[in-house]
Amino acid sequence: MNIDKVFIVGAGLMGSGIAQVCAQSGIEVILNDVNQEALNKGLKNIEWSVGKFIEKGKLSENKETILARIKTATDLSQAGDADLAVEAVFEKLEIKQEIFKKLDERCGPDALLASNTSAIPITELAAVTERPDRVLGLHFFNPVPMMQAVEVIKGVSTSEEIMLAGLDFVRRLGKEPIRVENDVPGFLLNRINLISYVEA
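This note's numbering applies: residue 633 is where the sequence shown begins, and numbers increase by one.
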């Protein structure tokens, strides 16, 4: 399935970074946050980062073309047109679940719902939706534009079709997908890092 329009909840470092790499890859983005001030801060970060990539010769398109692919919204009313909705807010289960409930109500029936969580099981987020088979984890690493690895995490009910769509989406962004089958806190790379830290 094609993912050509992405709705991102959260315009902080992670959300704005995901918006940037999507826009750089030709994907239309709607970046959402609670107020315009937060959105303006996220857009400023994106503009600066895109400018640096162009300066270094890593992007051939001009800045204006890339930035024009990013629209903003202070509510979820525009989520209905998205092929994929990505939640990228801070790590609190109740808040993420509330966002997933609302996205489930507002997104089209074929849309994928994803979380950028680094610790909360995807299954716990999928459980509050009517489409648990279409929910997955897309765990980007900070700084998103620089880091190549993205964990694609399968919840208990995530279908194979949706996992493959997630893997293809990450590749389209020019990144390296890491398939994670075990939906456990910390997922794969975070657990490896934690084990290394403990052993050290």
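Incorrect hints may appear among the rest.
Using 25 Å as the maximum straight-line C-alpha spacing, the simulated DSS-like pairs for lysine-lysine come out as follows [what the hints assert, rightly or not]:
#1 Lys690 x Lys673
#2 Lys688 x Lys807
#3 Lys724 x Lys690
These are computed hints drawn from the structure, not numbers from a lab.
The structure presented is a predicted model; accordingly, all values stated were derived computationally and were not measured.
query = Is the hinted pair lysine 724 and lysine 690 satisfied, with a Cα-Cα distance of at most 25 Å?
reply = Status violated; Cα separation ~35 Å.
query = Is lysine 690 within 25 Å of lysine 673, Cα to Cα?
reply = Answer holds: lysine 690 to lysine 673 is near 24 Å, not above 25 Å.
request  = Please work out if lysine 688 and lysine 807 have their alpha carbons no farther apart than 25 Å.
outcome  = Holds, because 19 Å separates the two Cα atoms, which is no more than 25 Å.
Going down the numbered hints, you'll see the structure goes against just number 3.
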